[in-house]
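*Asks:* Below are the chains, spelled out letter by letter.
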Amino acid sequence: MWLFDKDLWVEIFHTLGKNMFRTFLTMLGVIFAMIILILLLGSANGMSNGFDKVFAGTASNSLFVWGQSTSEPYKGFERGRRIRYKIEDAEILKKQIPEIEVLAPRIELGSHRQTVTVYREGRTSGSSVYGDYPEIDNITKKKLVEGRFLNKTDIEDSKKICVIGEETYKLLFDKGENAIGSDIRINGVFFSVVGVYKPNNNINIDGENAVFIPFTTFQKAFNTGDRMGWMAISVEPNTKVPVVENKIKKILKTKYDIHPDDERAIGSFDMSEIFNNISAFTGVLKGFSFFVGIFTLLAGVIAISNILLITVKERTKEIGVRRALGATPRTVKRQIIVEAIVLTAFAGLIGFAISVGILAILNSLWGSGEDFPFVNPMVSIPQFGISFLLMVSLSVLIGLIPANKAVKVRPIEALREE
Amino acid sequence: MIEIKDLHKSYKMGSNSLHVLKGINFTAEAGELVAIMGSSGSGKSTLLNILGMLDGADSGEYILDGVPIKDLTETKAAQYRNKFLGFVFQSFNLINYKSALENVALPLYYQKVARKERQEKALNYLDRVGLKEWATHLPSELSGGQKQRVAIARAMAAEPKVLLADEPTGALDSKTSYEVMDLIQKINDDGNTILVVTHEEDIAHMCKRIVHLKDGVIVEDKKIEQVRAEQYV
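Protein sequences appear in the order of chains A and B. Mapping the first sequence onto the UniProt record's numbering, position 377 (from 1) lands on 377, and the numbers just tick up by one. Mapping the second sequence onto the UniProt record's numbering, position 104 (from 1) lands on 104, and the numbers just tick up by one.
Mixed in with the good hints there might be a few duds.
[Said to hold, decoys possible] Coverage of chain B stretches by chain A, computed from C-beta distances (three or more under 8 Å per stretch; other residues unrestricted): (1) 32-44; (2) 47-61; (3) 68-78; (4) 97-109.
Keep in mind that the hints were calculated from the coordinates and are not lab data. Every residue, glycine too, gets a C-beta built ideally from N, C-alpha and C.
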């Protein structure tokens with residue numbers, strides 16, 4: 001196999017090595033192209049990773065359903081009637097819609113987004129107070145700083161415990177003070193803190209300052225009976241959220257005598273929509289990076305071809321001599337194409353090394369993803385592999401131009417050249 | 001060794017064609033040292049190019065060592081050149097970024113001779129032209145005479161049937177010219193067939209036979225008493 005012919009490589013490195021400066025200039029275009037391609041791809045990946053981190057812990061295939069007031073009169077009811085769900089609805093929906101994976105009922109003290117004053121040793125905090133099931137953790141994961149989240153036993157025994165947010169902790173406790181085991185008072189009832197969590201700044205469904213207590217405890221402590229405020233629902237994988245959303249609404253509308261066309265009575269929010277938008281966005285970003293990068297690369301490879309053309313022109317005489325000495329057109333062609341490949345591949349690797357270095361620096365500066373979604377900007381091995389292969393194939397194709405030009409010159413004309 | 005019958009060659013120059021070779025008949029035996037003379041435009045370079053398979057004839061026969069040379073593809077021509085012919089040019093045509101040794105080894109590379117053997121052979125030929133010490137030097141570090149000796153070593157390295165020299169002394173002063181001719185004579189003494197194109201009388205007389213070309217035909221072909229270059233060196 002000629003590819004493993006040591007003499008060919010000696011010959012090629014000799015030729016390239018003897019013209020170091022020219023060789024280097026030739027490679028610049030591809031080096032820069034590779035840097036641009038890898039930086040773009042890496043940044044797109046970094047953003048994609050960043051978004052993943054932002055949404056980590058939030059089930060993408062989830063929706064939230066709550067009650068609002070009717071906008072249409074129906075079956076003798078006037079419009080503007082407030083819809084209040086009952087806890088039994090959760091069981092009904094779960095039974096009738098098998099696509100529901102997790103359904104976590106929730107109830108809120110006071111009306112929605114209205115805070116309740118929470119006391120502790122003379123300090124107060126205006127917090128949202130929720131009665132929850134532990135299953136809510138499967139839909140919006142709480143990042144606990146200390147202690148634990150609600151569990152099954154809390155529900156079964158209606159334990160008077162609570163999990164508080166960091167904001168609540170700041171208002172009610174001194175810095176560094178141990179919150180676990182301390183009591184806080186809500187509407188005259190004492191709850192023992194079992195956990196402190198850090199809210200996700202990017203996706204916040206619960207509000208800045210929230211206190212979670214077991215649903216059953218909530219019912220008893222605040223005498224809410226069988227009322228239920230809203231439901232957090234995740235659907236089975238491979239099921240579309242809007243499909244389930246419609247089924248839920250249909251059942252609820254029938255149960256609560258809501259006009260079938262009433263759009264306002266049942267409030268809902270489809271989480272998957274955001275995820276789809278974002279993954280579409282990062283997908284487009286990656287595609288765009290590849291597109292721009294590949295064309296830059298093409299330009300770089302064309303630059304190599306161009307310089308090789310000039311080189312061939314410069315080396316007309318040398319090529320003539322070689323041919324007079326017995327180099328076949330094939331040999332001449334092969335040498336120039338392999339030169340193109342070697343230049344491109346080497347330049348590509350240099351560009352790759354530089355850009356990976358830059359990405360590593362970017363990563364250490366901003367890669368934590370705290371300020372904006374940018375985490376671990378790197379290219380994957382397949383991404384690099386594809387780029388590299390593409391680049392080398394391009395260089396072969398484009399190397400053909402100077403190679404053909406080199407053999408087109410007849411040895412006699414080449415020798416005549418002064 | 002070389003047999004040429006009724007060779008014609010013309011070049012198209014726009015609308016009119018220039019008839020350069022008008023029926024050349026020529027034979028050279030093995031071991032001959034032939035000078036081809038003629039003023040510029042006489043067709044001597046064209047003849048040498050055809051002999052060197054760098055150019056094709058329009059009509060006529062060319063038989064080299066019993067092999068008819070016709071309808072050559074570029075690849076075939078390259079292989080024949082490599083196998084049959086050694087070239088020495090007026091302007092040396094060494095590859096300027098290759099050392100003397102590498103230049104000499106180049107035809108052997110195209111003959112697919114193994115690297116080690118190639119180096120040994122090339123060094124051997126450099127030794128024969130007296131430039132063994134200069135093996136690692138680049139052409140730019142050599143004098144004109146030295147360059148031409150390297151070129152001769154390169155032409156000889158492939159062990160060709162015929163050595164074709166196109167004005168080998170054209171770029172050299174007379175003392176160096178004689179040195180080069182001395183070398184050519186010595187190679188001829190070893191039994192190699194050599195054709196030298198020249199327009200210098202004294203160089204031509206250092207060959208064994210002079211062929212005079214004028215306006216595309218051979219006007220004179222005579223054997224001469226060889227003048228040895230040694231005495232001028």
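*Asks:* Which hints from the list above does the structure break, by number from lowest to highest?
*Replies:* Number 1 only.
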